[in-house]
Amino acid sequence: MALVLTDEVSLPLRVIRDLKSEGLNEEEAVVITQCGSLGGKLSFGDAFFGTVFVLLSKIDNLTDQWVSEISRVLKPGAQVLLQTLLLPDNQAKPSSQIERKLLISGFVDVQSTDGSQSVLVKGKKASWSTGSSFPLKKTAKVLPKIQLSDESDLIDEDSLLSEEDLKKPELPLVGDCEVGSTRKACKNCTCGRAEAEQKVEKLQLTAEQISNPQSACGNCGLGDAFRCGGCPYKGLPPFKLGEKVSFGGDFLAADI
Amino acid sequence: MEGKKKRLLVLYASQTGNAMDVAERVGREAERGGCPSVEVQSMDHFDPNTLPSESTVIFVVSTTGQGDPPDTMKVFWRFLLKRNLGSSWLEGLHYAVFGLGDSGYQKYNFAAKKLDKRLQDLGAKPIIEKGLGDDQHPSGYEGALDPWLMSLWKTLNHVNSTILPEMSEILHPSMNKLEHPKFKIMYHASSEVVQHDSHISDLKDMKNMIERARSMSPSLHGHDHGEPHYLLKMVTNKQLSKGDDGRDVRQFVLEPLASVVEYQVGDVLEVLPGQNPAFVDAFIKRCKLDPDSYITIEPWSGERDAMDSYVNGSSDHPIQLRTFVSRAMDVASASPRRYFFEVMSYYASAEHEKEKLQFFASPEGRDDLYQYNQKEHRTVLEVLEDFPSVELPFEWLVQLVPPLKKRLFSISSSPLAHPNQVHLTVSVVSTMTPLKRRRYGLCSSWLASLDPNKNEEVLVPSWIHRGTLPPPPPMLPLILIGPGTGCAPFRAYIEERAMQNLVESTAPILFFFGCRNRDSDFLYQDFWLAHSSDDGILSEEKGGGFYVAFSREQERKVYVQHKIREQSARVWGLLNAGAAIYLAGSSTKMPADVTEALEEVVAKESGVSREAAARWLKTLEKAGRFNIETWS
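If you read the sequences in order, they're chains A and B.
According to the numbering used here, the first sequence is numbered sequentially starting from 1.
According to the numbering used here, the second sequence is numbered sequentially starting from 1.
Honestly, the hints are just simulated from the structure, not real lab data.
Some hints here could point you the wrong way.
[Said to hold, decoys possible] Some, not all, of what chain A presents toward chain B, calculated at C-beta under 8 Å: (1) L143; (2) E157; (3) K168; (4) G223; (5) F226.
Treat the numbers as computed from the prediction; the structure is a model and nothing was measured.
Here a beta-carbon is modelled for each residue, glycine too, at the ideal position from N, C-alpha and C.
Only chain A is shown next, with the shape it has when bound in the complex (with noise of 0.2 Å):
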């Protein structure tokens, strides 16, 4: 089964006569014109076709998409051949444009005849599945070698960890950053939380209570060890009740 594609309104029948004499003896043939009205999809299976035949007036309708598509509706191996007139304003060669456009989507043994009035390309769709392609990146070199010193009477240590092992471990106690959980701040926390765990709910220290400390449950006095989580002297050095609280503080931090 053929298809004949073109982008013009008719098709004489000559060319279909054509294409019997460049050798496509296919039994059957579909055609479609003013495919430009198509949006660039056909209405056929994949590797439906044994042959695809388009004319072109203008080479600009040939899109990437076209192309795409005829390569998806061809056979492994089958032929597409695509011909334009050459008209007086046509500057660049039109061949090596269409070349190009076929040698891009994958098409293999491509090759134009340039006649004084037309131009034909040929070009075969690739003969093996669909799926491989060419890698059009640089080939991987090798990378430089490295000289090692006798290392090769010790087994490699990284052998002795599992899959386990490798993986992120886990932190204890699940729990999310944010929700108030049992989790410390990282050593470098950039989330604010570790400032957020500096911040002691502390209620604040008056005046009164530093000159003349006093303590109903007789604890604050005492230091760290023994006061609540509420108290307001948390942080501060013992003392005695009714006595000017000091703040202790570093001798170190009077010589910086």
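Place chain B on chain A using the hints.
Same frame as chain A, now just chain B:
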């Protein structure tokens, strides 16, 4: 178990002292349980050749942030990796492994995991599954240690009841029977003493005194390398960082007084910090000690050969108590351990203090202790002041007060450029605790407090050690990556190569630096820029390059790894020419991020897959051409 030693051996590899504490606790509990023979040893004092002759070994190993074993484990571990040991080398050995790590890191507890697997591959049998302590746990590693240890004792007891004949003491500790301290203090009359500390007149005497004091400390366990190599004077103390974001980075220039300091690029300076005399005096007063008395420290009679390695005839050289406290006991910086609180509870005369201390030492009080002690960075002095009724005998203090530790710094100068000087680039450590108390790093803040114009007598006891980064030969192209204070060793490399370049041809250097912004912490800005222009070794004309990532100068964060990706062609060009990569710094995630960026560069420029690039970089690491040095 023919020919096997019938003892319980606890082998530990500790980086910061935690693994050692755990090991000592394991040993202590075994002793309480009546185990007839218990030995606790550091891995670097143990000959791996003798491992097959052991019957029962408990391993306690830490993993550092980069997934490496502690330095004290390197030799032991290398031995265990030997191919020719065979799968029955450790037949008949029963063992258990406890690891200390941090699940915030990808390579979580790698040292313990690898050790556990290797021991099995060599034919040893695990008593129980490995235990993994995790810093991320609300109560730190003890969260995993308590249940694991209990499981260990129960299993051991089940398998062989002669190992722990007094098992009940472990299961239900009576809490009113305290073992004796490991050491006793001998007091010497002043007339006996050959060398009076008040007569220290010259540097030689001072070095000797420091060595004597520290060699007498059982907690330092002979890890101390003898007399200081130098007593250095601070001649420059310059702040490199500006701005008010609280960071304080200094350049220190140190000079020897009467000798010549010899070192090479890449070396590290080890420093013994001084303690504030006011704190030392406060400690001595609180503990009712006589600062002028002369002491020696001996093992408690009946103690076996564990002490021999580090107490060498110390009775010949008594030391002044005050000197010992000042040089060997950390009284106002490091936090004490759980056992300290346990022992304190026996010596508390006030009932409420006794109860609180017992609670802190119990499994139930573990989290509260963590909040009060570790999270607040409580010092020994603070703890003693919070529990005023506790009178601890000096024997216990010697055993339990954390030893004063030396600190390591990368040297940031080249001796070719600064003969007889040692330069350091140091960030003054500063942390805010949950209760809003500001804590400073002991050594960095002490160095920062030394005023070159004033403190004539304050000298810095120092040792020079070979660094982990070997000095690169002049014709080796270099890719240096050192954000923040990571630039310290690279200032030395660049200084050195610039000097070498005056007399011979040198290979190019690409240097990647990172900081927050150029106005506040662009350390050594003028230095790098000087070498990047006028045909300097960092200049493009010379084939070099200097690239800075300013993380906070724009909306999105830009770090050294971004700059590396930007310069992927240049990096690859140099790598192809045989360059070595050196990476240094203090960030936790930076080395992993930079390694990732390098993998991407290799993959992109050469066309190979990410996996192949990663493998290639690993081989580079093994060949010594990709070196990572980080510090916390």
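Out of the numbered hints, which ones does the structure contradict?
-> When the structure is compared with the hints, none of them turns out to be violated.
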